[in-house]
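2 protein chains.
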Amino acid sequence: MKQIQVGLIGFGTVGRGLAQTLYEQKDRLLRKVGAEVVLAQVADTSAESLPEQFSDVKLTKDANEIFANPDIDIVVELIGGMEPARTFVLEAINHGKHVVTANKALLSVHGKEIFEAAVANNVEVGFEASVGGGIPVIKSLKEGLVANRINSIMGIMNGTANYILTKMTDHGVPFDEVLKDAQEQGFAEADPAYDVEGIDTTHKLAILMTIAYGKHVHLDDINTEGISNIKPIDIEFAREFGCRIKLLAISRHHGEYLEARVHPTMVPTSHMLANINGAYNAIHFNGDTVGNVLLYGLGAGMMPTGSAVAADVVDIGRNILCSSVNRVPALSYLPENIGSPKISPMSELTCPYYFRITALDKPGVLATIAGIFNKHAISIKSVIQKSRHELDPVSIVILSHTANEAAVQASIAEIDALDVCTEKTVKIRILTDDE
Amino acid sequence: MKQIQVGLIGFGTVGRGLAQTLYEQKDRLLRKVGAEVVLAQVADTSAESLPEQFSDVKLTKDANEIFANPDIDIVVELIGGMEPARTFVLEAINHGKHVVTANKALLSVHGKEIFEAAVANNVEVGFEASVGGGIPVIKSLKEGLVANRINSIMGIMNGTANYILTKMTDHGVPFDEVLKDAQEQGFAEADPAYDVEGIDTTHKLAILMTIAYGKHVHLDDINTEGISNIKPIDIEFAREFGCRIKLLAISRHHGEYLEARVHPTMVPTSHMLANINGAYNAIHFNGDTVGNVLLYGLGAGMMPTGSAVAADVVDIGRNILCSSVNRVPALSYLPENIGSPKISPMSELTCPYYFRITALDKPGVLATIAGIFNKHAISIKSVIQKSRHELDPVSIVILSHTANEAAVQASIAEIDALDVCTEKTVKIRILTDDE
Numbered sequence: 001m002k003q004i005q006v007g008l009i010g011f012g013t014v015g016r017g018l019a020q021t022l023y024e025q026k027d028r029l030l031r032k033v034g035a036e037v038v039l040a041q042v043a044d045t046s047a048e049s050l051p052e053q054f055s056d057v058k059l060t061k062d063a064n065e066i067f068a069n070p071d072i073d074i075v076v077e078l079i080g081g082m083e084p085a086r087t088f089v090l091e092a093i094n095h096g097k098h099v100v101t102a103n104k105a106l107l108s109v110h111g112k113e114i115f116e117a118a119v120a121n122n123v124e125v126g127f128e129a130s131v132g133g134g135i136p137v138i139k140s141l142k143e144g145l146v147a148n149r150i151n152s153i154m155g156i157m158n159g160t161a162n163y164i165l166t167k168m169t170d171h172g173v174p175f176d177e178v179l180k181d182a183q184e185q186g187f188a189e190a191d192p193a194y195d196v197e198g199i200d201t202t203h204k205l206a207i208l209m210t211i212a213y214g215k216h217v218h219l220d221d222i223n224t225e226g227i228s229n230i231k232p233i234d235i236e237f238a239r240e241f242g243c244r245i246k247l248l249a250i251s252r253h254h255g256e257y258l259e260a261r262v263h264p265t266m267v268p269t270s271h272m273l274a275n276i277n278g279a280y281n282a283i284h285f286n287g288d289t290v291g292n293v294l295l296y297g298l299g300a301g302m303m304p305t306g307s308a309v310a311a312d313v314v315d316i317g318r319n320i321l322c323s324s325v326n327r328v329p330a331l332s333y334l335p336e337n338i339g340s341p342k343i344s345p346m347s348e349l350t351c352p353y354y355f356r357i358t359a360l361d362k363p364g365v366l367a368t369i370a371g372i373f374n375k376h377a378i379s380i381k382s383v384i385q386k387s388r389h390e391l392d393p394v395s396i397v398i399l400s401h402t403a404n405e406a407a408v409q410a411s412i413a414e415i416d417a418l419d420v421c422t423e424k425t426v427k428i429r430i431l432t433d434d435e
Numbered sequence: 001m002k003q004i005q006v007g008l009i010g011f012g013t014v015g016r017g018l019a020q021t022l023y024e025q026k027d028r029l030l031r032k033v034g035a036e037v038v039l040a041q042v043a044d045t046s047a048e049s050l051p052e053q054f055s056d057v058k059l060t061k062d063a064n065e066i067f068a069n070p071d072i073d074i075v076v077e078l079i080g081g082m083e084p085a086r087t088f089v090l091e092a093i094n095h096g097k098h099v100v101t102a103n104k105a106l107l108s109v110h111g112k113e114i115f116e117a118a119v120a121n122n123v124e125v126g127f128e129a130s131v132g133g134g135i136p137v138i139k140s141l142k143e144g145l146v147a148n149r150i151n152s153i154m155g156i157m158n159g160t161a162n163y164i165l166t167k168m169t170d171h172g173v174p175f176d177e178v179l180k181d182a183q184e185q186g187f188a189e190a191d192p193a194y195d196v197e198g199i200d201t202t203h204k205l206a207i208l209m210t211i212a213y214g215k216h217v218h219l220d221d222i223n224t225e226g227i228s229n230i231k232p233i234d235i236e237f238a239r240e241f242g243c244r245i246k247l248l249a250i251s252r253h254h255g256e257y258l259e260a261r262v263h264p265t266m267v268p269t270s271h272m273l274a275n276i277n278g279a280y281n282a283i284h285f286n287g288d289t290v291g292n293v294l295l296y297g298l299g300a301g302m303m304p305t306g307s308a309v310a311a312d313v314v315d316i317g318r319n320i321l322c323s324s325v326n327r328v329p330a331l332s333y334l335p336e337n338i339g340s341p342k343i344s345p346m347s348e349l350t351c352p353y354y355f356r357i358t359a360l361d362k363p364g365v366l367a368t369i370a371g372i373f374n375k376h377a378i379s380i381k382s383v384i385q386k387s388r389h390e391l392d393p394v395s396i397v398i399l400s401h402t403a404n405e406a407a408v409q410a411s412i413a414e415i416d417a418l419d420v421c422t423e424k425t426v427k428i429r430i431l432t433d434d435e
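Residue numbers (the UniProt record's numbering), protein chains in the order written: chain A, 1 to 435; chain B, 1 to 435.
A couple of the hints might just be wrong.
Residues from chain B shown here face chain A by an in silico Cβ test under 8 Å; the list is partial [what the hints assert, rightly or not]:
no., residue
1, Ala68
2, Pro70
3, Ser140
4, Val146
5, Gly291
6, Ser324
7, Gly339
8, Leu366
9, Ala367
10, Ala407
Computed cross-link-like contacts, DSBU-like style, restricted to lysine-lysine with a CA-CA straight-line distance of at most 35 Å [to be verified]:
no., chain 1, residue 1, chain 2, residue 2
11, B, Lys167, A, Lys381
12, A, Lys167, A, Lys424
13, B, Lys167, A, Lys112
14, A, Lys142, B, Lys362
15, B, Lys26, B, Lys167
Chain A stretches covered by chain B per the calculated footprint, using a threshold of three residues with CB under 8 Å from any CB of chain B [said to hold, decoys possible]:
no., segment
16, 124-138
17, 284-292
Keep in mind that the hints were calculated from the coordinates and are not lab data.
Every residue, glycine too, gets a C-beta built ideally from N, C-alpha and C.
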């Protein structure tokens, strides 16, 4: 019986998900692949033993034992973070092992180094699980949409942030309360910054852009804003305007330049992305041949991520069995055809905007604000002023027509410097119907 | 320069879409695959010449010239229908050519014969474009979800039917009018039966079931009902019940047995499938590892279908270049592991139902109908009787709790036999929230 032997580094939630998947799907994979996919060894610094069904699996605290194990074909890195993950992945590659990882943070920062090392050692790097959890988004983009220029990528790529926004939308609960609830339920990390400040979404967008456009996109290339300053009142206004607020990753391909941004966005309810709720993720591509495609599923979790990691293991396993390693280039384009991106500056962005300005309710305030917008050539579409209690600051909500980001930032700086403004102005970019 | 040479049979809409895709994406494919993907020859019985950009492409009226052309690696069949498509596909296979086809009708009837011939001749058969147009659904199911038992398949797989239902829903226009409009716009065929009677959807479900479950599912295994008897009044009632009517393909995996049906369905608006509008398709899988996954895009059309056909051509081309033909079995499971399906009889289905009974407005009618349902152990959830003009027949709409299909059919037979009933009762099955 032919075998594909897997060494797993990290027996946390996702690691256990992979182990369980390979255990439960053993017969099915045999009937599809014609070979056994075997979890041979696990390296974990804290696990003292493995659950009973894995009694045949060797356990070590030292990942080097996996690199040195000549039987192991594929090393799966599921510890996450930068170090020692980076060292482990490079060590595995240097030992001639194929690598599968779900580590979006690592790839969005050290991807270039890792993929170049893989090419030099003629091994594969699979990373389906790094974006969209169990959704086969990387394979679809690299292979299913191979005959497309990707014009745009838009997505909801962080389940925790989407869960929080969904709860805020459905129940009117403030951000802090929902976050606390999500943390208690184990959805959100103790340090939620990666999820709610958009950083995790940015990691994922960098990976998708790299594949979609054939450019090494780095985390730092993407403008990132989170959802922690979104208030229930913003969600209420969004509803009045026929929108829902979502944390979107957005990238567009303009000639030579790439647009790349992650931020809360008002999405018209008629748009598919407005209707992605709870912990689900969805990634929307526009390709010049295929038109619009959207892929939807659970963006995280033990078993969905296990499904994606197992798919990578099988994919590489098939290449080992067929001697067709690197049959599909890791980053879609052949390594020699991948260049550096030119990112269009955020200041050049144009779109409609929502502004919530908090100011004392004094005569002339609105005229002053309107004057500032006018000076910066921002055309106002509508103004709503809610609840009028004397002396209390009021929320002045302004929707603009399509405006320029640089002008918007200059306007906000002037508005926030007004004596009557008591809080920083919140701006939310609006997705138009046809996007 | 390495080349993959393609012979195309059929230069209709989809054929031209493939030709244009390979032409427009030539450089992109070269930068990804490292080889030229070349349209070498076209066979079409009616084309007298090819557009100017294809001046290097040989044109013939005789498909046999393509089979006999030793330079051609892959034959793409895009004429559709049963014959001569079946003969051409088998001839190509017997000549040792790989085949790509978008022909769902052919595969759902003659798939077993074709795939067995391909195995015997060690060639590949690609059919991504046969389901969901440009959506990479076949690849996702075979590869992305490889480590899953597929528990269920649900989908909107016919853009014409979905376009008609969407128009009826949004504008309250009767079926016949929307159909006529769709035909005039070129969306719907002159003979719309395949689209509106669910046959095309059934073809596609048979293909997905075969791959998902590893059983040779035939068109005849699937219970098929169309949308031609849906009236605006049904759509109005659906709206009142928080649902939209969609033509769904539904299959579930119950132990040894497979459920398989295509029919109009009331889908709660909270469900993703209720929000797939116009000519779009969406296919929803539930896998035991991954949970719910949905894939969305244009289910038909020249370029989306061209995108999927080109993806198959590239996939097979890569296997030719790497000498890894049949690296992934055509039907996901290895040929020796594919069996015959056991289909659970439609009579065993249980779900909630919507009934629209047309009867004369006479005393005691409702009591009689309620008595019939009661006799067959069908529990009524609600009754609505609309508009009461004396002598005119009225529409009595009844929602049932979960009921058994055999009992439903027996009840309808009795109800329709009543003297007071003036039209055949319309039943629409209801999808529950958790499905």
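Okay, the hints, checked on the actual structure:
1. Ala68: 28 Å, violated
2. Pro70: Given a least distance of 24 Å, the restraint on proline 70/B is violated.
3. Ser140: 5 Å, holds
4. Val146: Given a least distance of 5 Å, the restraint on valine 146/B holds.
5. Gly291: Nearest chain A Cβ about 5 Å off; hint holds.
6. Ser324: 4 Å, holds
7. Gly339: It is violated, given that the least Cβ distance between glycine 339/B and chain A is near 11 Å, above 8 Å.
8. Leu366: 38 Å, violated
9. Ala367: Given a least distance of 42 Å, the restraint on alanine 367/B is violated.
10. Ala407: 36 Å, violated
11. Lys167/B to Lys381/A: 31 Å, holds
12. Lys167/A to Lys424/A: The given pair, whose Cα atoms are some 24 Å apart, holds under the 35 Å limit.
13. Lys167/B to Lys112/A: 49 Å, violated
14. Lys142/A to Lys362/B: Outside the cut-off at roughly 65 Å; violated.
15. Lys26/B to Lys167/B: Violated, at roughly 38 Å.
16. 124-138: It holds: at least three residues are needed, and the segment 124-138 of chain A offers 4 whose Cβ sits within less than 8 Å of chain B.
17. 284-292: holds (count 6)
Hint compliance for this structure: hints 1, 2, 7, 8, 9, 10, 13, 14, 15 are broken, all remaining hints hold.
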